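Take the sequences, apply the hints, and build the full model.
Protein chains: 2
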Amino acid sequence: MNKSAFRKLSYGVYLISSLDGDRPTGCIANSAMQITSDPASIAISINHDNYTNSCIERTGKFAISILSENTDPGIIGTFGFQSGKNVNKFDSVSYKTVEGLPVIEDACAYIVCQVVNKMETDSHTVFLGKVLDADNLENAPAMTYSYYHTVVKGKSPKNAPTYLKEEETIPKTAYVCSVCGYVYEGETPFEELPDDWKCPICKQPKSVFKKQER
Amino acid sequence: MNKSAFRKLSYGVYLISSLDGDRPTGCIANSAMQITSDPASIAISINHDNYTNSCIERTGKFAISILSENTDPGIIGTFGFQSGKNVNKFDSVSYKTVEGLPVIEDACAYIVCQVVNKMETDSHTVFLGKVLDADNLENAPAMTYSYYHTVVKGKSPKNAPTYLKEEETIPKTAYVCSVCGYVYEGETPFEELPDDWKCPICKQPKSVFKKQER
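If you're matching them up, the sequences are chains U and G in order. Quick note: the first sequence uses the numbering used here, first residue 1, plus one each step. Quick note: the second sequence uses the numbering used here, first residue 215, plus one each step.
These are computed hints drawn from the structure, not numbers from a lab. Computed from a predicted model, the values in this text were never measured in an experiment. Any given hint could be a false lead.
Computed spacing ranges between beta-carbons, pair by pair [what the hints assert, rightly or not]:
| # | chain 1 | residue 1 | chain 2 | residue 2 | range |
| --- | --- | --- | --- | --- | --- |
| 1 | U | Thr59 | G | Leu407 | 53 to 63 Å |
| 2 | U | Asn117 | G | Glu352 | 29 to 39 Å |
| 3 | G | Asp305 | U | Ser4 | 30 to 40 Å |
| 4 | G | Thr311 | U | Ser4 | 17 to 27 Å |
| 5 | G | Asp347 | U | Pro39 | 43 to 53 Å |
| 6 | U | Val87 | G | Met215 | 25 to 35 Å |
| 7 | G | Lys299 | U | Lys130 | 50 to 60 Å |
| 8 | G | Asp305 | U | Glu213 | 33 to 43 Å |
| 9 | G | Lys332 | U | Glu187 | 34 to 44 Å |
Note that beta-carbon positions come from the ideal geometry of N, C-alpha and C, so glycine has one too.
Written as structure tokens, this is what we have:
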């Protein structure tokens, strides 16, 4: 079996959000697909280890903010590489509330759903949601997972089903963010970057970068 | 609710195949996503009205051929706009057999799965398949649904969850294939095309095209 074939499946990049009591929380996922058209329903897949999973279980609702090519990649860092258990992720982004759930403004569309069914696996829950509301936001192409990898140069969080241990394609010497896996590829040598330089994906300081040789 | 927001979800274009007894059959779908990584599993969504749905039920297996940007769009016509009940769709394409299931050669990768769970909706079945085998084929980018719509100029079959009645963006006068919805946009006026001209998507003759005004 050649697992790299899985990489040919096409995905978007989504911020899946829900509520922890009254507190908005969410995570990044690439697995969402429309299942029925009338009434409309959408299936998403969320790792058990994502705090958002248990929040969706409790509230019975989730929202999908569809990231666009113009969305600040820092949002992927904030929502994809930290846990909502410890951090108020929505504190740093501008959002509005639709059907009681938070959706970010810096997205091309949103869809808010009520859970009507689910399917369990060893690591992920597939939630089926009936659409309660949906609308377009900014007029920009949706960010595809391929765009995120090739243009934004992002890596998969370890909870993503698409995460592959052997995915690394790091040059012989590279500075890699230990939080989100971003590989520094700027023209300025990494050592010469200013001390207040931050990872463009997860906004962590220069000090979390590790030099990798192989 | 603005249903056009659903169009911002990203998809690929897949040929989902199975067996009707010993006879290979299949259909086109855009909904497939990896759910777990180890062991790997993939979820697909298939309309009840697609003959492939009942074939997957009976054999307990399905294969995903991942179409590439180079895949002959005629394959989408053959597999997306005819029923496998009446037509041996695989007669017209070159394919090989993996784990007993047919996968087409004109694709960038394939994944063969055994059904381990399913979730029913009013119109579609979400099948969860444990991956039995997978490999890459031709080295070309996967065809995205967006590429199919904007470059190949294809429409959604009526069984697709993404099908929207109001999706039409046809110019004032247009010749539209009554089988697959392809809108003729060639430089030669439609009336002057040779009699043996065929729809590039579904290979139906010129006579099935209808002149539409609006």
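Which numbered hints are broken by the structure, listed smallest first? When the structure is compared with the hints, numbers 5, 7, 8, 9 turn out to be violated.
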